[in-house]
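As you go down the protein sequences, you meet chains A and B in turn.
Heads up: the first sequence begins at 4 in my numbering, then just goes up one per residue.
Heads up: the second sequence begins at 7 in my numbering, then just goes up one per residue.
Possibly wrong hints are sitting among the right ones.
Mimicking SDA-like on lysine to any residue, the simulated pairs with C-alpha atoms at most 25 Å apart in a straight line are [unchecked claim]:
1. A:K52 with B:G9
2. A:K72 with A:T23
3. B:K63 with A:K80
4. B:K63 with A:A4
5. A:K52 with B:T121
6. B:K17 with B:T121
7. A:K80 with A:Q48
These are calculated hints, taken from the structure and not from any lab test.
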Amino acid sequence: AQSVAQPEDQVNVAEGNPLTVKCTYSVSGNPYLFWYVQYPNRGLQFLLKYITGDNLVKGSYGFEAEFNKSQTSFHLKKPSALVSDSALYFCAVRDLRGRDSNDYKLSFGAGTTVTVRA
Amino acid sequence: GAGVSQSPSNKVTEKGKDVELRCDPISGHTALYWYRQSLGQGLEFLIYFQGNSAPDKSGLPSDRFSAERTGGSVSTLTIQRTQQEDSAVYLCASSSLRGRGSSYEQYFGPGTRLTVT
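Given the sequences, and given the hints that come with them, work out the whole structure.
Here it is in C-alpha cells:
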C-alpha cells in the first residue's frame, strides 16, 4: 500500500514568515500527491496536486509544493504566512486498488496543525 | 455548481441504535468515498465506490458498518448497533475519474458529526 508521513504534528510561525509543512511518501510506481486544508469545523478543501510535469506545483491561496523524487518528499510551502492560514493540513497519496489508474482511494497523513501568530 | 452535500450535519444517537448517513456527490462524478475523522485525528478510509465496480470495503472497521450507492449517485452509510467509539465526523468525497473530466483530486462534503451517547 502507498503511504505518506507528516513528521510534524504542529507548526508554529509568525505572520509574514515563510511556512513549510513537511510530507514524505512511500509508493511503488509514479506518485500522485495531494495537499488538503481543513479549517475549524469545516470539510477538507483541495489545495494542490502533483501528477506529472514541473516539480514545483502552485495551488490555491498562495501555496505551492515541491516534488522531490530523490528525497521522496512533497513539502507544502507559502512564502509569507497569514493568520488566516491557521488550519489542519493533510498530505495524501493515490493508493491504487489494482492496475486501473482510475481505481483508487487516497491515503492521508495524520495531519499537521499550523498556527500562525500575529 | 453544487458541491458534495451530506445529511444530517449533526446526529446524536443512543448506544445500540442504528444510524444512516447520506451523501450526495457532485453530479457526474463516478467515484464516491467515505472517510471517518475522530476528534483531532487524521482521516480513516472506510469504503469507496467506483462506477459499476465492486466497492472497496477494506476500510470498514466492523460488520456493523455498511454502505450502498444507488443508481451510481447518492450513497448511504449505515452503522448498526452504534457504539460510543463510533463517535466521529463522517466525511464523504467524490471525484471524476473518467474521460476528459478526470482530475484525480477528491471533493469533500462538510461531514456529519455523529455523537453516540
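Evaluation of the provided hints:
no.	hint	result
1	A:K52 with B:G9	holds (19 Å)
2	A:K72 with A:T23	holds (18 Å)
3	B:K63 with A:K80	violated (35 Å)
4	B:K63 with A:A4	holds (15 Å)
5	A:K52 with B:T121	violated (33 Å)
6	B:K17 with B:T121	holds (6 Å)
7	A:K80 with A:Q48	holds (16 Å)
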